[in-house]
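There are 4 protein chains.
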Amino acid sequence: MVGATGYTGQGLLRILGRHPRVRLAVATSVREAGRPVAEVLPEFDGLYDLRLCSLDEAKRRPVDVLFLAVGHGEAISFLSDYPYLSKTRVIDLSADFRFRDPAVYQSVYGKAVPAGLNRKFVYGLTEVFRKQIRRARFVSNPGCYVTSVLLPLYPLLARRLLRPDGAIVVTSASGVSGAGATPKSETHFCEVAGDYSPYKPLREHRHLHEIEAYLSRFGAKLVFTPHLLPIKHGILSDIAVRVKDAPKLLEEKIMSAWRNAYRGCAFVKPVAHLVRVAETAGTNLAKFAVRVDPETRTVLIFSALDNLLKGASGQAVQNLNVMMGWPEETGLLGRI
Amino acid sequence: MVGATGYTGQGLLRILGRHPRVRLAVATSVREAGRPVAEVLPEFDGLYDLRLCSLDEAKRRPVDVLFLAVGHGEAISFLSDYPYLSKTRVIDLSADFRFRDPAVYQSVYGKAVPAGLNRKFVYGLTEVFRKQIRRARFVSNPGCYVTSVLLPLYPLLARRLLRPDGAIVVTSASGVSGAGATPKSETHFCEVAGDYSPYKPLREHRHLHEIEAYLSRFGAKLVFTPHLLPIKHGILSDIAVRVKDAPKLLEEKIMSAWRNAYRGCAFVKPVAHLVRVAETAGTNLAKFAVRVDPETRTVLIFSALDNLLKGASGQAVQNLNVMMGWPEETGLLGRI
Amino acid sequence: MVGATGYTGQGLLRILGRHPRVRLAVATSVREAGRPVAEVLPEFDGLYDLRLCSLDEAKRRPVDVLFLAVGHGEAISFLSDYPYLSKTRVIDLSADFRFRDPAVYQSVYGKAVPAGLNRKFVYGLTEVFRKQIRRARFVSNPGCYVTSVLLPLYPLLARRLLRPDGAIVVTSASGVSGAGATPKSETHFCEVAGDYSPYKPLREHRHLHEIEAYLSRFGAKLVFTPHLLPIKHGILSDIAVRVKDAPKLLEEKIMSAWRNAYRGCAFVKPVAHLVRVAETAGTNLAKFAVRVDPETRTVLIFSALDNLLKGASGQAVQNLNVMMGWPEETGLLGRI
Amino acid sequence: MVGATGYTGQGLLRILGRHPRVRLAVATSVREAGRPVAEVLPEFDGLYDLRLCSLDEAKRRPVDVLFLAVGHGEAISFLSDYPYLSKTRVIDLSADFRFRDPAVYQSVYGKAVPAGLNRKFVYGLTEVFRKQIRRARFVSNPGCYVTSVLLPLYPLLARRLLRPDGAIVVTSASGVSGAGATPKSETHFCEVAGDYSPYKPLREHRHLHEIEAYLSRFGAKLVFTPHLLPIKHGILSDIAVRVKDAPKLLEEKIMSAWRNAYRGCAFVKPVAHLVRVAETAGTNLAKFAVRVDPETRTVLIFSALDNLLKGASGQAVQNLNVMMGWPEETGLLGRI
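Chains as they are written, first to last, in my numbering: chain H, 1 to 336; chain P, 337 to 672; chain Z, 673 to 1008; chain U, 1009 to 1344.
One chain only, chain H, in its complex shape (with noise of 0.2 Å):
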C-alpha cells in the first residue's frame, strides 16, 4: 500500500488488518518511513508488525495487490517507474485514472495522464461496473462524492426512469476527513466546530466534472455545491431532478428500479425512511430515499455514506474482492 498515513490509507489499514485473505506486506509513507505502523498509529497496536517504508523501496518489493492511497498526479508518478507493472493487480484511490477521456483530466486536474496506461483502468464504481472491474487488472476508485450521486442516479438514468428536464441540483455536505489528515487551517477544530460552509461551488469542485463524465452520455448536466460538516466522516446529497410530469407514483417505481439494479447487493440500500449520514457511518453502506413533488415536477433522491468507506477505502477492498473472486462483503460487514 502506498500511503498509508492519510486517511483513506488508515481506512484500508483499517479493513485489511481483519480481512481474511489479506496480508499487509509493504506499506508507505514519505514522512515516517522507517518507523513502525503500530508507533505512528497506535490504533493498530497488535494488528500489524511492520515498519512504514519509503516509496523507493516500496518499488523494489514485488506484491499481488498494489493500493495507492494518494493524492492526485502522485498515482502517475508512482507507476510510471513501478517495475512490477505488468503483474500486479491495481487499485488507485487517486483521481488520475478517473477518466476514460485524458483531455477531461488535463483539464480538471491541470497535469498529463499517460493514455496508454489510463486506458487499462476500469472505473471502480463496484456495483455498477461490477462486470468490467471482475476481468480488471486495473481499477480506479471513484471520487466520494461522485459515488453519492452516481449509485442513486445511474440506473435511473440509464433505464430512462428520470429525463431531467434542465440541470439537475445536486447539493452536498461531506465531514472533515474528506479534506485529508494534513493540517490546513479549513479543518483546524475551530474552524470547523459550529459552521457550515459551501465551498467550490457550481463547476468548481473537481468531482462536479466526473460526475458529469459518467452522466453526460445520459444528457445530464450538474449544479453542484459541496459543503463542509461539522463531523468527522459522512457525506449527504441531495440530488434534485427536475422532470416533465412528477406523479405520485413516481416513488414506488424508483425505489423498484433501484431494488432490481442493485439486487442482492449487500453494501447499497434503497430505504423509505429519509437517509441520515449516522447510519451510513463507520460501514460501507449506501443508502438512498426517494420523495417526488407533484406540484414542482420534482424528484427528490437523498443518497448517504461515509466518505472514508463507501466513499474510499471500502469500495477500494470491495473492488479487490471483486477482481479477486472472492465474496465481495469480504471484511467489509458491520462497523469498520
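Take these hints with a grain of salt, some might be off.
[Said to hold, decoys possible] Computed list of lysine to aspartate or glutamate pairs in EDC-like fashion (alpha-carbon distance at most 16 Å, straight line):
(1) P:Lys580 - H:Asp165
(2) H:Lys221 - P:Glu631
(3) P:Lys557 - H:Glu295
(4) U:Lys1252 - Z:Asp837
(5) H:Lys244 - P:Asp501
(6) U:Lys1256 - Z:Glu876
(7) P:Lys520 - Z:Glu858
(8) H:Lys184 - U:Asp1173
Calculated directly from the structure, the hints in this document are not laboratory data.
Fit chains P, Z and U to the supplied structure of chain H, relying on the hints for placement.
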C-alpha cells in the same frame, strides 16, 4: 414577555437585559412560575432581579410592549382574553399571525386564527416591511428559515431581476436550537452529534408555506429541503434559481441590487466571499453571496443568519426599535 | 434481552447480531412493543427479523441466556416473578446485583435487593473475576466509570504495589450516552455541545460507592468527580494516588504489574503513551497509562474505555463468552 | 497591536473594536502584512478600516499602548529594539515577563529574559494585583490555566483559610483555541472531535510552573493535568485540596472569603451551583464553586472561564482599563 425559558425567550432576555431603553416588567414560564429568572437561567444572574410568573399573572400586569415567545396556537390563545389589547404593542414570535390569509394559516397549522386580529398584524421582516412596521402596533415576527430565504430573494424578484424558470430549489440547514428547548429524541446529543439529516422536505415543512405566501406574488414556487445540523445555532440556505439567461455579469447586478435595497441597513450584508454559518452566529446579521453558472443558467445564492437572532429574537427587538422610533441597531450590535 | 432500545440494549443488539454463536430470540421494549426491531432502529435493518415484545411476553418465552439492559430496580422487579430463573443464565447490566452487601445497595439506591438472589450473582469485572464468572449462572455487569477505575487499580492495590497515602483523587469524564437514551434537558444537544461540566461530585455519584465497595478491602477511599463530555461515547478516568514514596522507576513496575495481571487478555492494554478516549471508542478495549511525579509523591494513572462497550454491553458479552466456555473475544474484536 | 491574526489577537480586535475609548492604530501580521484586516478576518468587516502591517512598520509607529499577542520569546525579541519603550504602556500576553525570577523563566522556557526589563513588569492577574497594575506601565498578562487556578486559590491560601496537606491536585480541561490558530495535527477537527485527551501532565506543562511561582509563597505544590476538550473555547479546572480538617461548614467560609476578596469585582463570581464551562464562554467572567467532603478531608473547587477572554484578551483589556484609570468593565460586559 410571555415564554421566557424557551430558546427565543432566552434570546430576548439576553438582548433586552442590555437594551438601554427597555426594562423587563413581566416574564412568564408555565413550568417555572414563581422562581427567580436567575435561578432557572444562571446566565442571567446579576442581569435580572425578577421572578417568572404564570400566564394568568401576566394578563393582570399591563405593559407597554408585549413579546410573545411561544408555540403556534399559544399566541392566539393568550391574546384571546388579554385585557390590554387596545393599548399594548404586541410583537409575536409564534407563527400565529404570519399569514395575511387566515385560510392559509388554517390549512398549514390546522387551526383557525381570528381574522379581525390577524388583519392588524404587520409582517416583521424588518428591512423589507420597515415602513409598515413603523406604523404598526402588532407585528408578527417571521420564521427563521423564512427570513434567510426572503431577505435575499424578495428584492430580486420584486425588481424582476430574477425571473425563475421553474421552481426555486432551496436547501437549508439549521442548528439544533431551531427545534426548541424541550428535550426530544431528535435533539438528544447522541442522535445529533456526528449526524446530518434532512427532514420535512418538499411541501412538509410549514416554513415552505410561509415563504411561498410572500413569494407567490412574484409567481415563485419552491422545492424546500431543511436539514438538521450538529451545531447549536445558525442557518444556511442555498437558493438555486434557474433563469432563462444567466450571464456571468448577473453576479454584479445582483450584488448591486442588494446594496441598493439594503443601503443603510446595519444587519443585512451582501458579501463577495462564500458565506459561512459561523460568520453570523451570535449576531443579528444576515449575510448573502451569489454565484452564477451560465452553463446551467443557474443563479446560486447563499444566505446565512443566526436562527435565534436575525431569525427570531434579534429581529423581534429590531422590530421593537422600529416601532418605537428608536435607532434600529439599539441593543443589537456586536455579539449577543 | 430485556430492554432493547436503550443505549446498552442497542449495544447488545449490535454485538449479538454478528456473534457467531448467538441467536436473539426475544427483545423487549416497553414503549415499542409490537414493532419490528429494524423499524424502530433502522441501523439493524437486515440484521434482525424480530418484533419487540412486552415484558410479560418475555416472561413466557424461555431462553438460554437472559440479558437485562434496564434501569436499577427493574432487574429486581423482572426477576421477582421470572418463571425460568432456575434454568436460565442471567447477565444483568443494571446496578441491582452489583453489591455483595444488600445493605450497601439499599443505602445507595434506596431500595431493597433480595439477599438470596443477590448472593448468587458474581461481579462481572471479567479480567479480575474471570474464574468466578466461568462457574457462575448469574453475573452482574459493572458500571462504566467503575470498570475504568477498578481495572487499573485493582491489581496494583491487591499486590500492594500501591499503598495510598490518603484518598485517591479520581477525575472522570464520560460521553453523553452514559446518561441514557431518554431525552432530558441535560442531554439536549444545545446544552451539551460546547460545554463541559462536573456533576454529582464527591460522594454523590452512585458509582463512587460501587468502586469503594471493591476497593475498601484494600483500605482505599476516593474523591470522585464525574464530568459530562460533549462526545457520544467514551470515558477517561484520571486517577491520582499519593504514596509515601514515588521513585520514577515505579512507572515501569506498574506497567510490568499490569502486563502480568492482564497477560493474555485481549481487551486490557497498558500503553506507554498517554491514552485518549478516541483510541478505545467503538471497541471493547480498556487502555491504561501511568506517570509518576517523585516531587509530589504522586502516581497518576489514565484509563480509557468505551462506556457502552467495555463499560457495558461489550463486557456483558465478554462475560457471556466466559460463562459459556467460548473464546472470550468472540464477536468482540475490531470496531463494534 | 502586535500579532492580530492569532486567537488572542482576534480576541483583542473583537473587544477593542467596540471599546469606546480605544482607537486601534496599528495591527501586525507576519504572514498577512499589507492586507486589510477585514479581508483576512471577514468577521471584522465594517469594524476596522486598517491594513495589517509588518513588525518593522509597527516599530516605526508610536502608540499610547502596545499589546503584544505573540508567542513566547517574541515579546522579548520585539521589545529588544522597540524605540518607544520609554513612553509606551505595554501589555504583554505572551509568557515572557510572567516570572518575577528570570532564572525560573529560563528554566521553564529555555531562554533568557532581560532582568532589567522583566523587573518593570507587573503580573496582570487583575483582581489580585489591581493596585500594582494601576501604577504599572508594563503588565504581563497571566496564562489561561493559571488564571483559572490562581483566582480561586490565591485569596484562600493568602488568608490561611486553606492549608494544603500535601500537593493540590488540579485537573484542567481546555477548548482547542488554547492550542493556537496555527494548524497542527493535534488541532485537526478529525483528531479532536469525539475525543478527550490528557497532555503534558505533572511537571510538563509550563503553566504548572507559572502557578507554582505565585503559590509557592504559601508552600503549595501542584499535581497538574491539562486535557484537550472538543470545544472551541473555555476552561474548567477542578482543584482538590486535602486539608487537615474539612467540616461541611468550610464551604460557606470559603464562599464568604471569596465574596470578601472579590467584592465589587464585576468579572469574578462565586456561585452556589456547580459551574459549567459554557456559562462563561464568550464572556470575561470567572466563576467558582466549592464542595467539601469531610470523609476524605477534601476541599473541591470548580473554576471556569473563557480561555480567550478572562484567560487572555479579556483580562488584557481589563488591565488596560485599570492602567488608564477607566471603569474596569469598559468594553467587557455581556457577550464578546
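Hint by hint, here is what the structure shows:
Taking the CA atoms of Lys580 (chain P) and Asp165 (chain H), the gap is about 13 Å. The hint holds against a cut of 16 Å. Proposed proximity of Lys221 (chain H) and Glu631 (chain P) is supported: the alpha carbons are some 9 Å apart, at most 16 Å. A C-alpha spacing of about 9 Å is found between Lys557 (chain P) and Glu295 (chain H), which places the hinted pair at or below 16 Å, so the restraint holds. For the suggested pair Lys1252 (chain U) and Asp837 (chain Z), the alpha carbons sit about 13 Å apart, so the restraint of at most 16 Å is met.
The straight-line distance between the Cα atoms of Lys244 (chain H) and Asp501 (chain P) is roughly 13 Å, inside the 16 Å bound, and the hint therefore holds. Under the criterion of a C-alpha separation no larger than 16 Å, the hint pairing Lys1256 (chain U) with Glu876 (chain Z) is consistent with the structure, at around 14 Å. Note on Lys520 (chain P) and Glu858 (chain Z): the hinted pairing holds, with a Cα-Cα distance of about 11 Å set against a maximum of 16 Å. With a C-alpha separation of about 47 Å, the suggested pair Lys184 (chain H) and Asp1173 (chain U) falls outside the 16 Å cut-off, and the hint is violated.
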